[in-house]
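A.B. asks: So the chains spell out like this:
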Amino acid sequence: MELAAGVAGATDLARAQTAFSLAFHICFAVFGVGMPWLLLYTEGRWVRTGDPGWLALTKKWSRAFAVLFAVGAVSGTVLSFEFGLLWPAFMARYGGVLGLSFTLEGFAFFAEAVFLGMYLYGWRRLSPRVHWLTLWPIAIAGTLSTVFIITANAWMNVPGHVREVDGTVVSAEPLAPFLSPAAPAQVVHMLLAALMCTGGVVAGIYAVGMLRGRRDVYHQRGLRIGLTAVLGCAPLQFVSGDLAARVVGARQPLKLAAMEGLLRTQRGAPLTIGGFYDESTGRVRFGLELPKLLSLLEGFHTDHRITGLDAAPPADRPNALLVHSAFTLMVGLGSALLALAALVTLVMVRRRRRGQRPLLPTGRLWLWAAVGTGPAAMLAMLAGWEVTEGGRQPWIVYGRMRVADAVTSSPGVGWTFAGTVTLYLGLAGALLLILRRMATGGPGPDVPPTPVAPIPVPPTPVPRDDGEHRDEQAPSTPHRPRRPDRQAPDRQRPERQRPGRRRRVPVGGGTDR
Amino acid sequence: MTAADLLLLVMVGGLTAYALLAGADFGAGVWDLFARGRDAADQRRLIAAALGPVWEANHVWLIFVLVALFSGFSEAFGIIGSTLEVPLLAALVGIVLRGSAYVYRAYGGGAAGPDHWWGRVFAAASTITPFALGVTGAALATGDLAPAAPWRPCTNAFGLVCGLFAVTVTAFLAAVYLCRDAATAPTTAHLVPGLRRRALGGALASGALAAVLLPLLWSDAPVVAHRFAERSIPFAVASAIGGMAALALLWRRRFTAARIAAGLAVAGVLWGWAAAQYPDLVVGRSTATSAAAPEANLVALLIAIGLGMAVIVPSMVLLFRLFSHPDVSDGHGPG
Ligand code: HDD
Ligand code: HEM
Ligand code: HEM
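If you read the sequences in order, they're chains A and B. Going from the first sequence to the working numbering is simple: count from 1 and add 37. Going from the second sequence to the working numbering is simple: count from 1 and add 1.
Next comes chain B alone, as it looks inside the complex:
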């Protein structure tokens, strides 16, 4: 295995972490947007409490992947930057608005407009971002992009369905994670049935969209589709098993185990796509070999990443353990 391949593997790992952690944060925002009924306020509160301590750390995975991309495969980053502006800018606006609106709501105390406005901004931005990132991923697989046609990625069915799929999947993950959070405290236990319904619905919707995506993949991204059939079946199977298991476990209210199964379902899709994408970074335009930085730089990067992870991963585990039971009365910040 070359250094470039190893770096790609690390990047897929980073992407998985981003999808499973920050993805769930986005999904929680989606549920904030669609919170309705008597428990809406309580549900929003639970979402805010679950996100508070971790969303910034989860968000850094995106920066990690991005930096690895432009350090290791600069050419691909250049191509992506000059052809995928529209979805990327949409994602950026989403990221900026989501982060700011979240803290403005949490700390603003109404000084800059009613908190619930910021809540809506947070929720809407949380929905836009995964959609835009889904569109971006689809474009990498089709290679159907050109510098002079910035809107191209957003005008084909495959891209749009991928965006929708991303939103659905994040919403599914979030609902599963939140079930477990809500179930841990008596003050939030009354939210569990609603969240469980959402999780089950999310699982079914994700499955249905995946079924729609497969034929579109064949027609719009034949190169990747062929490799998908050759290499990615094990990942697709793992994903399907994860999805089924998540359904069953949710049904039986085994929420902690359901989290793991849901994670597997999502990671399976991601890995299947990554395996089929290789060795292309942007299909038809840039491959792992054509884009790779000089070997010495890649090795240095990998060493730096290894050392960095040795420090960061234990810290993150500590963070997640410390806040494994979100406390809706915990509030924000110093208290």
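So that you can see chain A by itself, here it is in the shape it has in the complex:
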């Protein structure tokens, strides 16, 4: 008995640890997926037009991207170790099945890291066009890495194409994860989520800037691009979410029951929006119940039979309170974003008819709404993962392996978890400070609009040893001429930096942050 309690405790801790580190990772990984696509657009505009405003946006974003990517990469590395540390039995049994997905994912990481190195450090070594081209492999690899990892997750949700005898995999089709029926909907849904999160956060940052009175072209462009991504994807996300729910209904009926808070298996099942699932009564309290709608949505017929939680013994049911709440949150936020998208489109059409510019409404209320899109998308994304993972319980691989059988027996999980939380929260806090610094101000916050920076400022007493800011500290060459306006980039190899017609470019664009 005591042993069982010990195992249960360890399982909960291991789950909490997994959930926490995955959630942390995904918050950064979405930028790894979405940011390169946005950068492709802004830098592409710069390469084509030579407009310094586009360069300024590109540079600012690429700096933020560099930091986000690095944190995403290290937290992802933790995950790949953690699977072995926390779920040794799971990895020992199914590592081979998921192998192809993870291996291909590894190559996607290689490609991302290699070309990101070129992109971030190649500004002065590559021509603008080639520099822009290095974004393509980054963007494609980021997207592919999502595809690969999500197929692994989809296989855990709807496993198949594997033959097991007495708990040992005797043969597995190498492509098993890619053949999971859950894969297509999940992949599309996650990719859209990544774009929405990136777009929402970008839009939010520029909206805050505009609320603070910076209503220049730079901010308007940032806002426009961000909003296009988050609001443009919102309708598609709705459709793909609906698709995902249909797959869940067909393949993971208990997950659907938990999502909807449906206890009784029945025909003509109602759709319940909001509210809290009450385990003691098996009903959703404070929810809005729409009769027969769930059956209609799932089976296109009001008589469609929907499996309820009662199809499984209580110990084998997912936590419906959690899953239903998370699902409500995701769908609620998704619908709100959809509504915002519709409103913005409407207003833009009207402004266009009247010949007003800019098309995008930028009143305070609109800006506040734009600020909200970032947190809304991130929250919806995290809630969606709670639905997916929580709704699969108590299985780690649906119908094949229970979470409790997969967990490590190590005694130290509590300490590890506490350590992880402390470390990650510390790093996240520091990162927020850095990003806030990057986000404040216009194209380059270090560049005062008028060059007030006194020229003879001695180098900072603290030696900065990163080689950045060559203007202030390149002590090996301390006597280089300084230019008060610090438009450093074309100091070296200007001929390579920009083709002739773009000599005029660097106004504002040449600044670092």
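Hints in this document: simulated from the structure, not taken from any laboratory. Positions of the beta carbon are idealized from the N, C-alpha and C atoms, including for glycine.
Restraint-style ranges between C-beta atoms, simulated for each label pair:
{"#": "1", "chain 1": "B", "residue 1": "245", "chain 2": "A", "residue 2": "451", "range": "49 to 55 Å"}
{"#": "2", "chain 1": "A", "residue 1": "439", "chain 2": "B", "residue 2": "285", "range": "28 to 34 Å"}
{"#": "3", "chain 1": "A", "residue 1": "382", "chain 2": "B", "residue 2": "148", "range": "57 to 63 Å"}
{"#": "4", "chain 1": "B", "residue 1": "3", "chain 2": "A", "residue 2": "204", "range": "23 to 29 Å"}
{"#": "5", "chain 1": "A", "residue 1": "451", "chain 2": "B", "residue 2": "227", "range": "38 to 44 Å"}
{"#": "6", "chain 1": "A", "residue 1": "439", "chain 2": "B", "residue 2": "3", "range": "30 to 36 Å"}
{"#": "7", "chain 1": "B", "residue 1": "238", "chain 2": "A", "residue 2": "204", "range": "44 to 50 Å"}
{"#": "8", "chain 1": "A", "residue 1": "358", "chain 2": "B", "residue 2": "115", "range": "44 to 50 Å"}
{"#": "9", "chain 1": "A", "residue 1": "376", "chain 2": "B", "residue 2": "41", "range": "55 to 61 Å"}
{"#": "10", "chain 1": "B", "residue 1": "307", "chain 2": "A", "residue 2": "198", "range": "21 to 27 Å"}
{"#": "11", "chain 1": "A", "residue 1": "319", "chain 2": "B", "residue 2": "148", "range": "36 to 42 Å"}
{"#": "12", "chain 1": "B", "residue 1": "227", "chain 2": "A", "residue 2": "173", "range": "51 to 57 Å"}
{"#": "13", "chain 1": "B", "residue 1": "118", "chain 2": "A", "residue 2": "379", "range": "45 to 51 Å"}
Sample of chain B residues at the chain A side, in silico, Cβ under 10 Å:
{"#": "14", "residue": "70"}
{"#": "15", "residue": "81"}
{"#": "16", "residue": "97"}
{"#": "17", "residue": "108"}
{"#": "18", "residue": "114"}
{"#": "19", "residue": "304"}
{"#": "20", "residue": "306"}
{"#": "21", "residue": "308"}
With chain A held as given, fit chain B with the ligands onto it using these hints.
C.D. replies: Below, chain B with the ligands without anything else, positioned relative to chain A:
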């Protein structure tokens, strides 16, 4: 040769790449930690400039090896995960802190605490990680581990000396690589003598530690030691020749050639160990045959790896050529 053996060979190749590339990055962090004197700031700057464009790509080799391990030899991964938590967690903390601290220092502009604090975190983490990985490797050779005794790998002399050896070797590699980097530009040429001294010292220290390790190997990991005597002598000789050649070339300031010789010295040790370890993955607990995934999956993995490498290796060559001359004034990111 079976598919499992071929995959093992590929993994040793990946491990070699990790040791020679990311190892040098870690070693550079070690020198960042021990940078002293008048040139300390310049030296740190050179290190940062050399690492910037490549460290993330170099780091992925670890993920590659890890993924190959759990895809191809899941059982071994399960055992490693449940017995080597302590050194692995230490390595993880090191990896996380190193990567974050590096970018926080490079891009933070002091917004999250003084940059030189992050510099110290980066340097300390760069030292912890190879140490922990060295301890892990030693435990695979001794097989002296148990699920209920997580601290066991860190309490025997062989493991600890292996950890120290790993740190020394990475520091040696880094110093050799940095000599060449520093020598390419007039702005950094004044760093060469100091780096050269460090490289020579690193070579001698690594050699001395290797001499200490051999008797410990016999007493703590007899199974591997026997196979080492049977199979690994050619690798040990190659390593020794590489080490000597590196010393001589450093002495004569032939830094590019010294890089290759140093690489051979390190790779020789790794290959010697790998050859002696085979067919055990974790001695006494898991072998290549017992742990291997079904043949069809292994073949699929190998095909995927072949295709992947065909894309990645040329890209990496391109990356290294593009940044073969680190420029301390190049700075970070967009500039
Ligand atoms: C921006 C984020 C976002 C938004 C607005 C939505 N979702 Fe979502 N949803 C996700 C982000 C997400 C996610 C985090 O990306 C998940 C988790 C796993 C996955 O593949 O996607 C997810 C999972 C997920 C699942 C579970 C899939 C499974 O377990 O196989 C369903 C049924 C839905 N979603 C349905 C919807 C519906 C009907 C939405 C209506 C608006 C919706 N989602 C909006
Ligand atoms: C929905 C789930 C996930 C998505 C969409 C995702 C996506 C990504 C992306 C885009 C990156 C590139 C780094 C960045 O841009 O920040 C990344 C990095 C990484 N991820 Fe994830 N990931 C997910 C889950 C996982 C899981 C479960 C694992 C562990 C098995 C993992 C392991 C890694 C590793 C090791 C890296 C580092 C790669 C590097 O160094 O470049 N990821 N992930
Ligand atoms: C990156 C986005 C993801 C998030 C935020 C996430 C979230 C979660 C959560 C909340 C749990 C705990 C469930 C519970 O105990 O109620 C969990 C468990 C788990 N997830 Fe995910 N997940 C993500 C992606 C993935 C992927 C891509 C994989 C595999 C390839 C995966 C594998 C697992 C495993 C092995 C567990 C532990 C067993 C379990 O509790 O089911 N997760 N995850």
